[in-house]
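Colleague: Starting from the known structure of chain F, arrange chain U on it as the hints suggest.
There are 2 protein chains.
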Amino acid sequence: MAKLYVIGIGPGGEGLFTKKMIDAIHESEVIIGYGPYLDYLGSLIEGKTLYSTGMKSEIDRCKEAIQQVDEGKTTSIISTGDAGLYGMAGPIFELSTGQDIEVIPGVSANFAAAAELGAPIMHDYACISLSDLLTPWETILKRARKAAEGDFVITIYNPRSKGRPDHLEKIVNILLEVKDPKTPVGIVKNAGRPGTERTITQLDSIDYEKVDMLTCLIIGNSNTYVKDGWMVTPRGYENK
Amino acid sequence: MAKLYVIGIGPGGEGLFTKKMIDAIHESEVIIGYGPYLDYLGSLIEGKTLYSTGMKSEIDRCKEAIQQVDEGKTTSIISTGDAGLYGMAGPIFELSTGQDIEVIPGVSANFAAAAELGAPIMHDYACISLSDLLTPWETILKRARKAAEGDFVITIYNPRSKGRPDHLEKIVNILLEVKDPKTPVGIVKNAGRPGTERTITQLDSIDYEKVDMLTCLIIGNSNTYVKDGWMVTPRGYENK
Chain F
1 MAKLYVIGIG PGGEGLFTKK MIDAIHESEV IIGYGPYLDY LGSLIEGKTL YSTGMKSEID
61 RCKEAIQQVD EGKTTSIIST GDAGLYGMAG PIFELSTGQD IEVIPGVSAN FAAAAELGAP
121 IMHDYACISL SDLLTPWETI LKRARKAAEG DFVITIYNPR SKGRPDHLEK IVNILLEVKD
181 PKTPVGIVKN AGRPGTERTI TQLDSIDYEK VDMLTCLIIG NSNTYVKDGW MVTPRGYENK
Chain U
1 MAKLYVIGIG PGGEGLFTKK MIDAIHESEV IIGYGPYLDY LGSLIEGKTL YSTGMKSEID
61 RCKEAIQQVD EGKTTSIIST GDAGLYGMAG PIFELSTGQD IEVIPGVSAN FAAAAELGAP
121 IMHDYACISL SDLLTPWETI LKRARKAAEG DFVITIYNPR SKGRPDHLEK IVNILLEVKD
181 PKTPVGIVKN AGRPGTERTI TQLDSIDYEK VDMLTCLIIG NSNTYVKDGW MVTPRGYENK
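So the protein lines, in turn, are chains F and U.
With the working numbering, you'll find the first sequence wraps up at 240, consecutive numbering, no jumps.
With the working numbering, you'll find the second sequence wraps up at 240, consecutive numbering, no jumps.
Chain F on its own, in the form it takes in the complex (with noise of 0.2 Å):
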């Protein structure tokens, strides 16, 4: 019976493959994703059928492997981090048929994001998107005072993109009427693939104009600080 990867590719850098991600687009005759995506894994898909579509066409590319799969045809649907997050594995659990159905967890963005900035995360945390395509703004908006009240580390993927430029602001400002200003964020764009850039400033003092779709937010919990460059959430064995 052939069968159906869902799997995350991390994020995008070959160094994060894993071998399980890499055995099965070996065994996969069919190759599913976003372009750019595909593009990633490099001379993995040389003689491999690929389908890809736009950003938005999620769905498509969901019902497409599912009919490859149905045709006999063992296939894997990539996405990038971790495919459970945001990811593919969602509209194809939703979508499907009683394929035969494997999914391959992969490094996802925030703790990519994270060991760029040092130990940002650590301890519990809230992971919140903001993109407002699938979820109800006033859901989001809810979710990030929730998650300062309980003093989480939070990561916030979707932060900006033009047709929502001040989503990001929105939610610092609630964030502040919790958090002390000074809480240390950590700023990765690309994370764990070529061209990441890194930025480690105050929960007062973002520069939104820098930040964009490509970039995670790791937002510190009130004993968060910086140390050496580096942005440190202790567990609590030493005082800072």
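Among the hints, erroneous ones may be present.
No distinction is drawn between identical chains; accordingly, a pair holds when it is met within one copy or between any pair of copies.
Stated by the list, open to error - List of simulated lysine-lysine pairs, DSS-like, C-alpha gap at most 25 Å: (1) LYS48 x LYS182; (2) LYS170 x LYS3; (3) LYS210 x LYS227; (4) LYS210 x LYS48; (5) LYS48 x LYS19; (6) LYS142 x LYS182; (7) LYS227 x LYS182; (8) LYS162 x LYS210; (9) LYS73 x LYS63; (10) LYS73 x LYS227; (11) LYS227 x LYS63; (12) LYS189 x LYS56; (13) LYS3 x LYS227; (14) LYS182 x LYS210.
Derived from the structure by calculation, the hints contain no laboratory data.
Modeller: Below, chain U without anything else, positioned relative to chain F:
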């Protein structure tokens, strides 16, 4: 100058090792970790100087790593999952004194567990450890309540041990004040390494006796449902 690699090896199975992690181990003269985690590395550590201590001696391991680097030996200190989540990255940066440090991210246990369950995370989520060795129990209770109020998917680490047999039940009782008792819950033991076991149940029906320290729980949000034995949190494309 000798380097200090702080490595997340993923859940333990070699299928989720990354190339970057393997290269760092090869480059290192000294490998430091909790004994059973070193065993996961198998033949990768042949010929290396090894230093291991018991589960609760993290600080001793970090001090040893820093000392080895100061003596000119490139050293890797390992965590399972990602080193930046309840791992060694935090204490290393807390104790560091200017060493050349690189963090190599890994596949974290919650995503390995999610992959076994289908697509239970998918959307905004909060990750909480129930270990109160370093965190006040009141803080943990508050975070659980805020995460529930924010309708986050909730992943739970360190749910239960001999020293805290009823922590998970206390947390679930708080969640039940906010969340639907029929909310799907995925329970995965040994995710991403040999001996994986997975169960899907609901919030008011958890068999606490089957949960131990090697178990990760994923509790759905208000949209999560079960389909064909998989746990699925939709992104919003399709109605359930």
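Colleague: Please write out, lowest number first, the hints stated earlier that are contradicted by the structure.
Modeller: Those not satisfied are hints 1, 2 and 4.
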